[in-house]
Amino acid sequence: MSVLGSEEHPLKVAVVGSGPSGFYAAEALVRSGHTVRIDMFERLPAPFGLVRHGVAPDHPKLKEPIRVYDGIARNPQFRFFGNVTVGRDVTVDALRAAYHAVVFCSGAETDRRLGIPGEDLPGSHTATEFVGWYNGHPDYRDRSFDLGQEVAVIIGQGNVAIDVCRILAKTVDELKHTDIAEHALDALAESRIREIHLVGRRGPAQAKFTNKEFRELGELADCDPVVDPADLTLGPESLAELNERSGTVAKRNMEILQGFVARPSRACGRRVFLRFLLSPVELKGGGRLESVVFERNRLEGPAGQQAARGTGERLELPCGLLFRSIGYKGIAMPGLPFDAKQGVFPTRDGRILDDGGAVIPGLYASGWIKRGPTGIIGTNRADSVATVNALLADLPQLDTGPKPGADALSGLLAAGNRRVVSYADWLVIDQAEVDRGVAKGKPRAKFTRVEEMLGLLPVTTP
Amino acid sequence: MTTVVTANCQKCRFTDCVTVCPVACFHGDDEMLYIDNNVCIDCGACVPVCPVHAIFEEADLPEDMQMWVAINAERAPGLPSVTEKEDPLPGAEARKAELGY
Numbered sequence: 001m002s003v004l005g006s007e008e009h010p011l012k013v014a015v016v017g018s019g020p021s022g023f024y025a026a027e028a029l030v031r032s033g034h035t036v037r038i039d040m041f042e043r044l045p046a047p048f049g050l051v052r053h054g055v056a057p058d059h060p061k062l063k064e065p066i067r068v069y070d071g072i073a074r075n076p077q078f079r080f081f082g083n084v085t086v087g088r089d090v091t092v093d094a095l096r097a098a099y100h101a102v103v104f105c106s107g108a109e110t111d112r113r114l115g116i117p118g119e120d121l122p123g124s125h126t127a128t129e130f131v132g133w134y135n136g137h138p139d140y141r142d143r144s145f146d147l148g149q150e151v152a153v154i155i156g157q158g159n160v161a162i163d164v165c166r167i168l169a170k171t172v173d174e175l176k177h178t179d180i181a182e183h184a185l186d187a188l189a190e191s192r193i194r195e196i197h198l199v200g201r202r203g204p205a206q207a208k209f210t211n212k213e214f215r216e217l218g219e220l221a222d223c224d225p226v227v228d229p230a231d232l233t234l235g236p237e238s239l240a241e242l243n244e245r246s247g248t249v250a251k252r253n254m255e256i257l258q259g260f261v262a263r264p265s266r267a268c269g270r271r272v273f274l275r276f277l278l279s280p281v282e283l284k285g286g287g288r289l290e291s292v293v294f295e296r297n298r299l300e301g302p303a304g305q306q307a308a309r310g311t312g313e314r315l316e317l318p319c320g321l322l323f324r325s326i327g328y329k330g331i332a333m334p335g336l337p338f339d340a341k342q343g344v345f346p347t348r349d350g351r352i353l354d355d356g357g358a359v360i361p362g363l364y365a366s367g368w369i370k371r372g373p374t375g376i377i378g379t380n381r382a383d384s385v386a387t388v389n390a391l392l393a394d395l396p397q398l399d400t401g402p403k404p405g406a407d408a409l410s411g412l413l414a415a416g417n418r419r420v421v422s423y424a425d426w427l428v429i430d431q432a433e434v435d436r437g438v439a440k441g442k443p444r445a446k447f448t449r450v451e452e453m454l455g456l457l458p459v460t461t462p
Numbered sequence: 001m002t003t004v005v006t007a008n009c010q011k012c013r014f015t016d017c018v019t020v021c022p023v024a025c026f027h028g029d030d031e032m033l034y035i036d037n038n039v040c041i042d043c044g045a046c047v048p049v050c051p052v053h054a055i056f057e058e059a060d061l062p063e064d065m066q067m068w069v070a071i072n073a074e075r076a077p078g079l080p081s082v083t084e085k086e087d088p089l090p091g092a093e094a095r096k097a098e099l100g101y
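Just so you know, the sequences run in chain order A and B.
When we follow our numbering, the leftmost residue of the first sequence carries the number 1, and every step to the right adds one.
When we follow our numbering, the leftmost residue of the second sequence carries the number 1, and every step to the right adds one.
In short, the hints are calculated from the structure, not lab data.
Among the hints, a few may not be true.
To be verified - Each computed SDA-like pair below joins lysine to any residue, with the alpha-carbon atoms no more than 20 angstroms apart: (1) 208/A - 66/B; (2) 212/A - 38/B; (3) 212/A - 58/B; (4) 251/A - 61/B; (5) 63/A - 38/B; (6) 251/A - 211/A; (7) 212/A - 66/B; (8) 85/B - 382/A; (9) 251/A - 56/B; (10) 63/A - 19/B.
Stated by the list, open to error - Chain B side only, calculated, beta carbon under 10 angstroms to chain A, not exhaustive: (11) 41; (12) 44; (13) 81; (14) 82.
These figures come from a predicted structure and were not determined experimentally.
Ideal Cβ placement from N, Cα and C applies to all residues, glycine included.
Produce the complete structure using the sequences and hints provided.
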């Protein structure tokens with residue numbers, strides 16, 4: 001038998017998930033110098049994960065990595081298997097039998113909970129639902145949000161929180177030429193939201209916003225940011241944090257906040273209140289959300305490690321709509337170990353570990369399911385290169401017998417008349433979205449139902 | 001808006017930036033790297049990973065470094081693309097220390 005990864009004996013790898021970490025893993029494999037066959041599995045007919053369904057519609061530049069992914073997908077060593085759910089349609093064991101290695105890049109698909117009374121009242125939602133809804137994710141297509149409310153509260157101050165805030169704050173004119181889902185645009189056109197509170201448990205010097213996203217809140221057509229100047233008086237520990245080299249982003253955020261305070265307010269239809277040092281302790285309402293009770297926090301601890309501690313002081317804010325955006329967790333995969341606390345697969349250097357902490361040969365992970373929901377699109381490139389380097393270092397130890405790849409899965413894939421979506425099929429769907437966007441002045445008008453997408457494709461011939 | 005590599009990259013060329021670029025917009029000569037602003041999506045992923053803080057988003061670029069916008073725009077497109085981590089230039093660690101990082 002010739003060497004694994006040679007032309008006579010290609011390395012066959014399954015990649016599970018088609019977001020940034022999946023495509024960068026595929027790219028690293030293609031560039032490895034080995035002869036590889038990469039089969040990527042995606043549960044939706046549409047590839048690209050959070051670049052399609054997470055990045056805000058009004059940030060089109062951040063979707064340009066899709067061009068890079070498209071280039072990878074057109075590599076003859078790569079195949080796409082869309083509309084296939086690993087763990088359901090194809091088991092992990094079936095993949096292990098069919099491939100030399102499997103790289104899981106399934107992301108962090110669910111939200112952390114607040115863990116407070118009233119969290120599940122109607123009117124209280126996850127940011128994931130709302131983001132998926134406005135981005136046309138089929139799972140969230142039919143969610144509804146009561147935009148007839150006047151006050152919305154967003155718990156969390158990361159970039160997802162700020163995306164949710166901006167979509168609520170923008171006018172329809174600011175959104176209608178983006179690829180926002182049509183159903184969302186229609187609903188937002190009727191929005192009566194006037195106040196949006198963006199709430200963090202720590203102070204302004206600890207907010208996780210990136211400068212650019214934060215600045216944007218001051219550049220909206222019909223919405224002004226509001227900051228309580230008292231919140232900008234920092235303690236000595238926070239001042240020390242800003243003066244650290246690592247404090248550059250926070251320092252600029254403080255300057256942006258001071259700019260918000262200094263600017264004259266306009267007669268706007270909407271206002272965003274940037275609120276700090278508040279933790280929600282209860283959501284109240286008779287049958288639906290009517291108010292949120294916060295406890296005021298103070299910061300405790302040395303510079304760089306300050307934590308929010310409750311002061312006992314409470315305040316209640318009437319609100320009818322709430323989104324939590326306090327972190328994300330991956331979802332367990334049948335047949336794989338799972339670290340439920342962190343919401344990730346247990347790994348060491350990208351290798352998946354069993355419950356005893358030993359490496360499971362041939363199983364790897366990259367992206368948010370490996371390291372948790374940190375970093376931005378490009379962070380996943382370095383992460384996937386690291387995982388693929390571990391995989392390549394393991395080549396001598398992998399089960400080096402010939403592997404059938406997806407040919408062995410055809411029976412499973414054909415079960416239940418499942419229409420497997422190839423990359424060529426996706427390009428048909430993609431073109432149809434772009435075409436129907438033209439008349440609306442949108443870069444694309446997304447299909448938001450799986451059946452709609454599959455309906456564009458010829459019935460598979462056996 | 002664009003993102004630019006500035007003078008601190010000279011004599012260092014650590015290339016950590018290229019590992020996190022989602023769109024492969026870095027190009028390089030023997031001295032340093034440059035960003036092709038026609039390709040860069042201004043995501044900012046490269047900014048915090050530079051060991052010598054050579055990369056700035058334009059909005060944060062100090063006044064006395066403004067010329068780097070034009071230098072990056074002129075030089076990047078004609079130079080080879082750099083997409084994988086390379087060894088830093090000899091003396092890069094000393095240069096880093098000299099710069100105070």
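Practice item. Sort out whether residue 66/B lies within 20 angstroms of residue 212/A, counting only the CA atoms. Key: Judged against 20 angstroms, a Cα distance of about 19 angstroms means the pair holds.
Check your understanding: Does residue 82/B meet its interface restraint, that is, does its C-beta lie within less than 10 angstroms of any C-beta in chain A?
Key -> The hint is violated - residue 82/B has no Cβ within 10 angstroms of chain A, the shortest such distance being about 13 angstroms.
Exercise for review: Sort out whether residue 56/B lies within 20 angstroms of residue 251/A, counting only the CA atoms.
Suggested key: Roughly 15 angstroms between the alpha carbons, so the hint for residue 251/A and residue 56/B holds.
Check your understanding: Given the proposed pairing of residue 212/A with residue 58/B, does the C-alpha separation stay at or below 20 angstroms?
Key -> Since the Cα atoms of residue 212/A and residue 58/B sit roughly 11 angstroms apart, the hinted pair holds (cutoff 20 angstroms).
Check your understanding: Is residue 63/A close enough to residue 38/B, meaning Cα to Cα at most 20 angstroms?
Key -> Holds, at about 14 angstroms.
Check your understanding: Are the Cα atoms of residue 208/A and residue 66/B separated by 20 angstroms or less?
Key -> Violated, because 27 angstroms separates the two Cα atoms, which is more than 20 angstroms.
Check your understanding: Between residue 212/A and residue 38/B, does the CA-CA distance stay at or below 20 angstroms?
Key -> OK: residue 212/A and residue 38/B at ~19 angstroms, within 20 angstroms.
**Study point:** Pairwise hint evaluation, residue 19/B against residue 63/A, where the allowed Cα distance is 20 angstroms at most
**Key:** holds (18 angstroms)
Check your understanding: Does the alpha-carbon distance linking residue 85/B and residue 382/A stay inside the 20 angstroms limit?
Key -> With a Cα-Cα distance of about 10 angstroms, the restraint between residue 85/B and residue 382/A holds, given a limit of 20 angstroms.
Check your understanding: Measuring from the C-beta of residue 41/B to each C-beta in chain A, is the shortest one below 10 angstroms?
Key -> This interface hint holds because 4 angstroms falls under the 10 angstroms limit.
Exercise for review: May I ask you to test the interface hint for residue 44/B with respect to chain A, counting a Cβ-Cβ separation under 10 angstroms as satisfied?
Suggested key: With a closest approach of 6 angstroms, the residue 44/B hint holds.
Exercise for review: Assess, step by step, whether the Cα of residue 251/A is no farther than 20 angstroms from the Cα of residue 211/A, and give holds or violated.
Suggested key: Between residue 251/A and residue 211/A the Cα gap is close to 9 angstroms, so the pair holds against 20 angstroms.
Checked against the numbered hints above, the structure breaks hints 1, 13 and 14 and satisfies the rest.
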